[in-house]
Structures are given as structure tokens and as C-alpha cells.
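Enquirer: Sequence:
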Amino acid sequence: MAAKEAEQTEIEVENEELQEDIAPGDCGSAMLIASDSFDSLVGNDYETELAIKKKKSHINEIVRQGSFEQEDSCGEQADVNHIGPYGDATTPSASEESSGEQSDPSMTKELSAVLDEISKSPDHDDDDVKTPEWKAQSKHVFILSDSGKPVYSRYGNEDKLVTVFGVMQALVSFVQDSAHDSIRSLVAGEHRIIFLHHENIILVCVTRGSESDRLIRIQLNYLYNQILSVLTLSTLKKIFKQRRNYDLRRQLSGSEKFLDSLLTMMEREPGLLLSAVRCLPLECQTRDMIAQSIVQHAKVKDLVFALIIANSQLVTLVRMKKYFLHPMDLHIIINLINAAESFKAAESWTPICLPKFDSSGFLQAHISYLDEACQTCLLLLTVDRDSFFTLSGCKTKITERLIKYNGLKAISDSLRKDSYNISKCGISDLRHFLYKNKSTAQYTSPELEAPYLSPGEQERLFGLYHYLHNRIHSSARPLKILYHVGQYEALLGWVTQGFELYAVFSPLVTKSLAINAVNKLMAWIRKEASRLFILESVTF
Numbered sequence: 001m002a003a004k005e006a007e008q009t010e011i012e013v014e015n016e017e018l019q020e021d022i023a024p025g026d027c028g029s030a031m032l033i034a035s036d037s038f039d040s041l042v043g044n045d046y047e048t049e050l051a052i053k054k055k056k057s058h059i060n061e062i063v064r065q066g067s068f069e070q071e072d073s074c075g076e077q078a079d080v081n082h083i084g085p086y087g088d089a090t091t092p093s094a095s096e097e098s099s100g101e102q103s104d105p106s107m108t109k110e111l112s113a114v115l116d117e118i119s120k121s122p123d124h125d126d127d128d129v130k131t132p133e134w135k136a137q138s139k140h141v142f143i144l145s146d147s148g149k150p151v152y153s154r155y156g157n158e159d160k161l162v163t164v165f166g167v168m169q170a171l172v173s174f175v176q177d178s179a180h181d182s183i184r185s186l187v188a189g190e191h192r193i194i195f196l197h198h199e200n201i202i203l204v205c206v207t208r209g210s211e212s213d214r215l216i217r218i219q220l221n222y223l224y225n226q227i228l229s230v231l232t233l234s235t236l237k238k239i240f241k242q243r244r245n246y247d248l249r250r251q252l253s254g255s256e257k258f259l260d261s262l263l264t265m266m267e268r269e270p271g272l273l274l275s276a277v278r279c280l281p282l283e284c285q286t287r288d289m290i291a292q293s294i295v296q297h298a299k300v301k302d303l304v305f306a307l308i309i310a311n312s313q314l315v316t317l318v319r320m321k322k323y324f325l326h327p328m329d330l331h332i333i334i335n336l337i338n339a340a341e342s343f344k345a346a347e348s349w350t351p352i353c354l355p356k357f358d359s360s361g362f363l364q365a366h367i368s369y370l371d372e373a374c375q376t377c378l379l380l381l382t383v384d385r386d387s388f389f390t391l392s393g394c395k396t397k398i399t400e401r402l403i404k405y406n407g408l409k410a411i412s413d414s415l416r417k418d419s420y421n422i423s424k425c426g427i428s429d430l431r432h433f434l435y436k437n438k439s440t441a442q443y444t445s446p447e448l449e450a451p452y453l454s455p456g457e458q459e460r461l462f463g464l465y466h467y468l469h470n471r472i473h474s475s476a477r478p479l480k481i482l483y484h485v486g487q488y489e490a491l492l493g494w495v496t497q498g499f500e501l502y503a504v505f506s507p508l509v510t511k512s513l514a515i516n517a518v519n520k521l522m523a524w525i526r527k528e529a530s531r532l533f534i535l536e537s538v539t540f
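For what it's worth, the UniProt record's numbering labels the leading residue of the sequence shown as 1, then goes sequentially.
Keep in mind that the hints were calculated from the coordinates and are not lab data.
Just so you know, not all the hints are guaranteed correct.
Said to hold, decoys possible - Computed cross-link-like contacts, DSSO-like style, restricted to lysine-lysine with a CA-CA straight-line distance of at most 30 Å:
no., residue 1, residue 2
1, 139, 160
2, 139, 257
3, 56, 241
4, 409, 527
5, 135, 160
6, 404, 299
7, 424, 344
8, 149, 241
9, 424, 520
10, 527, 424
11, 149, 135
12, 56, 238
13, 322, 237
14, 160, 241
15, 257, 322
All chains should be built: construct the whole structure from the sequences, respecting the hints.
Expert: Pasting the structure below:
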């Protein structure tokens, strides 16, 4: 998108021209794990599993400290025929990431022979591949097991795409067997094919878009963690240890909507790009009152996290001492709420694995809405599987206090305002921005206004952020500050140890005007920080 625009200019800006100070939104004790944009991805291939194996089980630790014993708390005894928790009603530079790409002519010739042999197989009728609608999609995502069994396809029916899944598995196996390496990406015409290989699971994205390979791998890692949130890593490994050819769709039956929703969320939510969470703008006193309502009326010994989410924005988070949430886990929680309409009908009780918190076991989630419009959702996460009615009583008391002190009204009023207008910043020619505080893993941005009202323009704007983000974070040549002039916008990206800022201006803004505007914007964010961010970490 932005990379192809005519008459572009890029200038690396000197640090002295921007007034770097303490990052707006900093706080003494954060509630989320501090992260950089690419911290969501530990590494490629099996590095994620190796890191997980070395990490102790938080759930087991909490259970041991509690007053009861919880059998199978980490899913070790799970039956491979068990239905998943949600299954029922209840372009980078040439030097970037080149490892594993097919550049050896002899290997390419052998690989072509393998693919030709697969394509000649008469055993499969891939009807979906032949349809114009399927071919017209700009981004496909496939998930399969190591043995080539289909798990998920974003478009089409997996049973009608068996040959496609076979090609994916053949590509991975061929590189492993012939080159003793892991395939990471390859180019086929106007398409790029990006692979992420976890133990037992292969995730593949085929795209014509401008997202970097690195960013796509993070998106694939989100999908992998979404699967773990349904099964846990322990269960996943046990399943494939018992039966290598197991059809994982049996376990994930009914949870495909969560993968669909997560992919849609990736296209619209900047938080997944930034590895950060957006907070609902609220006055500091109101937010403190909401948090204290939870502290006072959710005094349950084994309650680990309590949070309120309103329209995908975090209102408050109260946590057990010593334990923190990762932004990726919080995004999975938000996706769970957005994708499951059934939660709006009544109070719900469902297990959920938060892979970054503890990939080996489930937390039990009490999920309920506090208002008739079903905008404000309360989640109480515990290790005790028998505390539904106790937490239901806590929910009632919390709701009563929020009504008494107008907490629900304040949340509703803030939602009705649709965040805030860019005009509130008082900076001419500034069209939009994304600001992330790294230490708190929280971000803020104004609502979208003209010229970004149509879906096409919003997609183009998101593409601009992808481009600027990738240039700043390029593994070949990372930058701290970049000023970019395109055909329709001028962009400025600025990354420090404390924050990330990406700003979009009208195309005639000069470098000096953009720098002055960004300095003013930082001052405005600092002034509004107590309303835009959660600045205190509240614990039980």
C-alpha cells in the first residue's frame, strides 16, 4: 500500500528534534506484562514450546497455596475424545528472515517434482479451490497437523481442500528431510507463503497483502494460542502422542468461530499489531471506584483475575498478587467475549487456558454482563472449579455498588462518545495516531474520522500503520524515528525504550511541522494520561 505510493520521501529524524521525556502513561506497578511490539512471538519453530517447558505452572502453584486439591487442574488426564471447552452451547527487505526460503535451484527442482506428483493425485476433489470467490480472497490461513490432517481453513471446507493441506505438509517435510532446516517463507507469483511450525501443529498464511512476514508470524502465533486456549498444551501433546494421525477438528468442534473472529480482529484492532490493550477513557476517580467495587465484593481466596471489558476496551483489571496478564492472553479473552453471543443470555461458566499465563491448564471463567445493553462484561477467573455460585453472588454485589455510585452510567457515557475526536488534541493537520506505553502495554488512539470513514480507507490506513511499523522494526535496519511522505499522507514513527508513536498527517505537512505536532501531541497525552490509561495496579 504505502510502499507503492508515488513520489515518496523517507527521512530519518535526529533525536534532538523530538523532546523525549518520561513516557506518558507510565506507572509504578503495571498490571500487564510489559512488552515490545514483537514480544508476542518468542521465536520460530519449537522455541515457544522450549520456553514454556522451562516455565513453572502458575495454576499448580495457586492450587497448592489454596485450601483444596484440584484433580486434573493442568489437563494431564484429559481424554482425547473430550469436547473442547467452547465446543458446545454452554514486503520485507531481501535480507529479512531469509532462513528456510527456497533459493537452491536443485532443491527447487526437486520440490516442484513433489508438488506435481501431489497435484496429479486423483483421490481428492477440491471444489472450493475452483470457485472464483475462494481464489479472490487476498489472505488465506490454513492450520494442519504434522501428519497433514486438516485442522482449519479460513475460507472453504477443509474436506474439500485436502490436496492444499497435503501440499503444505509436503513443503514442510521436504525442507526438513532434504535441507535439515525449517521452511519459513517462499514466494509464488504475487503471493507470499509464510509458515509457522509448532510442535504437532503447522500454521500457514498465503497472502497478497503488504504485511511483513514477521507480523504474519505473530498473527499465526495468536491463532496457535487460540487453539491452546481451548485445549491446553498438555492435552494437545497427549493427543498426538497417542495418535499421530488424530483429526484435531473433533476436539475443536464449535470453536472455529473463535479463530474466525480472531482473524477479523487482526484486521481491525491495532492492539494486536502493538501487543497492547486499549483502555476505555474514564476519569481516574471513577476507574478507582470501579476497581474498589471488585476488591470489596470479590474476596474469594482462589480468584486470580477480575476484569471488566466494555466493547473490547479494558475498564479495570484486579489481579492476585505476584501474577500478571500478558496482552496476548487479554486479547484472547476479548476475542472470547466478542465471538460468543451466548454469554449475553445468562451468566456463564467456562474453562479457558491463557497460554502466556500458564499453557498447561485451565482457569475457570465466570462471565456475565452488567447492563441490559450487554456492553459491559465482568470476568472472574479462578482455579476453583466449584465456585460458580460464590462468584455469581460477587457479581450481584459488584453490580449493585456500580449502580449506586454511577459506575455503569460512566462506562455507558464513555462508550456513547466513541472514544475521543482528534480535534481534542488541538493539533491541525493531525489525522490519526497510535500511542503505546511499553511499560504498561496499553495504547490509545482517537476514533476514525474523514477521510477514513469507508471500509476501504480504513483498510488503507491500517496498511499505512503496518508499513510504518515494519520499517521502524525492520530486523535488517531498525530505526528509532522515521518521517515518510506518501501520495495521500505524511507519516511519522517514533520508538523509544518507553513508548511507540505512529502519527498520520495531511500530505503537505513538512518534517518540521510534523515534529512540532508530535511534541504537542506528547504533551497532550501526558496531560490526559490519567483518563486514557490505567495508572495503578490494583490487587486482591
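Enquirer: Now, for every hint given, state plainly whether the structure supports it.
Expert: Status of each hint after checking the structure:
no.	hint	in the structure
1	139 to 160	holds, 18 Å
2	139 to 257	holds, 17 Å
3	56 to 241	holds, 22 Å
4	409 to 527	holds, 24 Å
5	135 to 160	holds, 14 Å
6	404 to 299	holds, 20 Å
7	424 to 344	violated, 34 Å
8	149 to 241	holds, 15 Å
9	424 to 520	holds, 12 Å
10	527 to 424	holds, 12 Å
11	149 to 135	holds, 22 Å
12	56 to 238	holds, 19 Å
13	322 to 237	holds, 28 Å
14	160 to 241	holds, 27 Å
15	257 to 322	violated, 33 Å
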